[in-house]
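Colleague: Now for the letters of each chain:
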Amino acid sequence: MTSNELCYLTLTEAAAGIRRKDFSPFELTKACLERIDSIDGKLHSFITITADVAFQQAQEAERALLSGMGRGPLHGIPIALKDLYATKGIRTTCHSAVLEHWIPVDDATAVTKLRAAGTILLGKLGMHEFAFGGPSVDAPFPAVRNPWNTAHIPGGSSSGSGAALAAGFCYGALGSDTGGSIRTPSSHCGVVGIKPTYGRVSRYGVIPLSWSLDHAGPMARSVEDCALLLHAIAGYDSKDPASANIPVTDFHIGLKDGIKGLRVGVPRTHWFDENKGTDPETETVFDEALKVLGNLGATIVEIDGRPFSTARKANQTMLVAEAYAFHEKHLQNTPEKFGSSVRRRLLEGAFLSAADYITAQRARTALNEQIRANFSRVDVFATPSAPRPPEAFESMDPNEQNLRPSFTNPFNLTGLPAISVPCGFTEGNLPVGLQIVARPFEEPVVLRTAYAYEQATEWHKRRPPL
Amino acid sequence: MANEISFAELRSIAELSGLKLSEDELQRLLPGVNRSRTQGAELRDLMTDNLEPASAFSTQKV
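If you read the protein sequences in the order shown, they are chains A and B. The letter at position 337 of the first sequence is residue 337 when you use my numbering, and the numbering goes up by one with no holes. In my numbering, each residue carries its 1-based index in the second sequence increased by 1000.
Calculated directly from the structure, the hints in this document are not laboratory data. Accuracy of the hints is not assured; some may be wrong.
[Said to hold, decoys possible] Below, in silico cross-link-like pairs of lysine to any residue (SDA-like), each with a Cα-Cα straight-line distance of 20 Å or less:
#, chain 1, residue 1, chain 2, residue 2
1, B, 1020, A, 373
2, A, 276, B, 1042
3, A, 276, B, 1055
4, A, 239, B, 1055
5, A, 337, B, 1035
6, A, 329, B, 1035
7, B, 1020, A, 239
8, A, 329, B, 1014
[Claimed, not checked] Reference listing, derived: stretches of chain A covered by chain B, where coverage requires no fewer than 3 residues with Cβ under 8 Å from a Cβ of chain B:
#, stretch
9, 283-293
10, 313-323
11, 359-368
Using N, Cα and C, we set each Cβ at its ideal position, and we do this for glycine too.
Isolated chain A, as found in the complex (with noise of 0.2 Å):
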């Protein structure tokens, strides 16, 4: 096998191979920092790399494996961390100049809970500065490239974790997730990301951007290794005040059962065509992907997307309001060191009156009730993930963003669970993903529904021409 096949394996092939002894941890540790090391520099995926603790983690997955320690299938393999996590003794960014040198005395809880499961860290990932805004051209770090074109946005604000898996340089990652933040850069690098239910997994040493709307999740090649991922991270955590106490189930059971029967809600009414509307060519490639469904044995019925258009507004309300809140201080004394564009959108939140965000809040009581009532005619919802594929940097008008439908943010507002999965391409080779949304702690029937659609097509398997 060549590196860069073994580079490429995904996290459930390389687990498979580790326990075969086709290659150690230390091998595929080695493959993975020797490709980052020559090719990151044109995508600028990682902030920091921790070879150092890399090669030792591997060495003490070898050692433990031999000896017949092993904790399970995550043990061994190389995953990476959106520079959002806290990494205990490791410096944590979130890609700005504010936090540029600070590291953490303690592990966010999905950080501890990977390195039980004995992952070996690669190194923190680049993302869109706290999170917010767009690609952070003038902060302390590179702006993160697309693998599929270097000219064109990753997506955000997970940016590094869908560049470093879409070019092979770790076999999972984590993300973060407010208004799209894990779903769009899977989209835009042809990877899978989940946003579980809001509460499933622990944002305790995740750094906020908006407490009511924020959820952690996992970033792979596969849907399978997604499912591996958030089984390790998931589960109640008292340290997280919106930690659901809810069981988790193994979200292997099940995955390949099929979708036959499941009934798929499209709200297209009245919210693709919103304002500048869906991408032609991406609404094409969604239609493609709604008749593999079909021919699965799923029924697709068109339902109103009244209430999924408006929910994109008291998202951005209490987003926008909680974030200005967060960083309030930092922007009273210390405004040169954040970059501008996340400067400029976390400053209009302090121009909001305590009126628009309790509307907003309430607003989500509505909202809430009214998406979820489509839940007694349909299972899951699809959209397309991204209502465009992912721009130029050139021609990048943050603005415009805002004029688009959002597919994503909804489901933070309502803290469904939610997957993107790749669907197709752009003539222009650029990667399309199709989201799958399902009623609250249903991990297992977005995860089903993706994988069989997944299976049943090729779009997993394209590599970026790296």
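Mind docking chain B on chain A? Use the hints.
Modeller: Frame of chain A, contents of chain B only:
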């Protein structure tokens, strides 16, 4: 538009909030601020008398 603010009001709120922003930066902020305030105001159409905020306090959580 309902809920929009003027440049003078923006400058005044910035000062009250302890934000030291240049005139240029305030000018750049104004369209985004008014977009945010307008879309927030549009949510008022959803309001009914018995609609409570989603962020409810509970004595059962410590």
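Colleague: Each hint should be assessed against the structure and marked as holding or not.
Modeller: Against the structure, the hints come out as follows:
Annotation: proposed proximity of residue 1020/B to residue 373/A is violated, straight-line Cα distance about 46 Å (limit 20 Å). Simply put, residue 276/A and residue 1042/B have alpha-carbon atoms about 19 Å apart, close enough for the 20 Å limit, and the pair holds. At roughly 32 Å between alpha-carbon atoms, residue 276/A and residue 1055/B are farther apart than 20 Å, so this suggested pair is violated. Between residue 239/A and residue 1055/B the alpha-carbon distance is near 19 Å, which keeps this suggested pair within the 20 Å criterion.
Straight-line distance between C-alpha atoms of residue 337/A and residue 1035/B comes to about 25 Å, which puts the hinted pair past the 20 Å bound. The hinted pair formed by residue 329/A and residue 1035/B fails the criterion: a straight-line CA distance of about 24 Å is larger than 20 Å. A distance of roughly 36 Å separates the Cα atoms of residue 1020/B and residue 239/A; the hinted pair therefore is violated under the 20 Å criterion. Between residue 329/A and residue 1014/B the alpha-carbon distance is near 13 Å, which keeps this suggested pair within the 20 Å criterion.
Only residues whose beta carbon comes within less than 8 Å of a beta carbon in chain B count, and the stretch 283-293 of chain A has 0; fewer than three means the coverage is violated. Given a C-beta distance limit of less than 8 Å, the hint that chain B covers the stretch 313-323 of chain A holds, as 5 residues qualify and 3 suffice. Beta-carbon proximity to chain B at under 8 Å applies to 10 residues in the stretch 359-368 of chain A; the threshold of 3 is reached and the given coverage holds.
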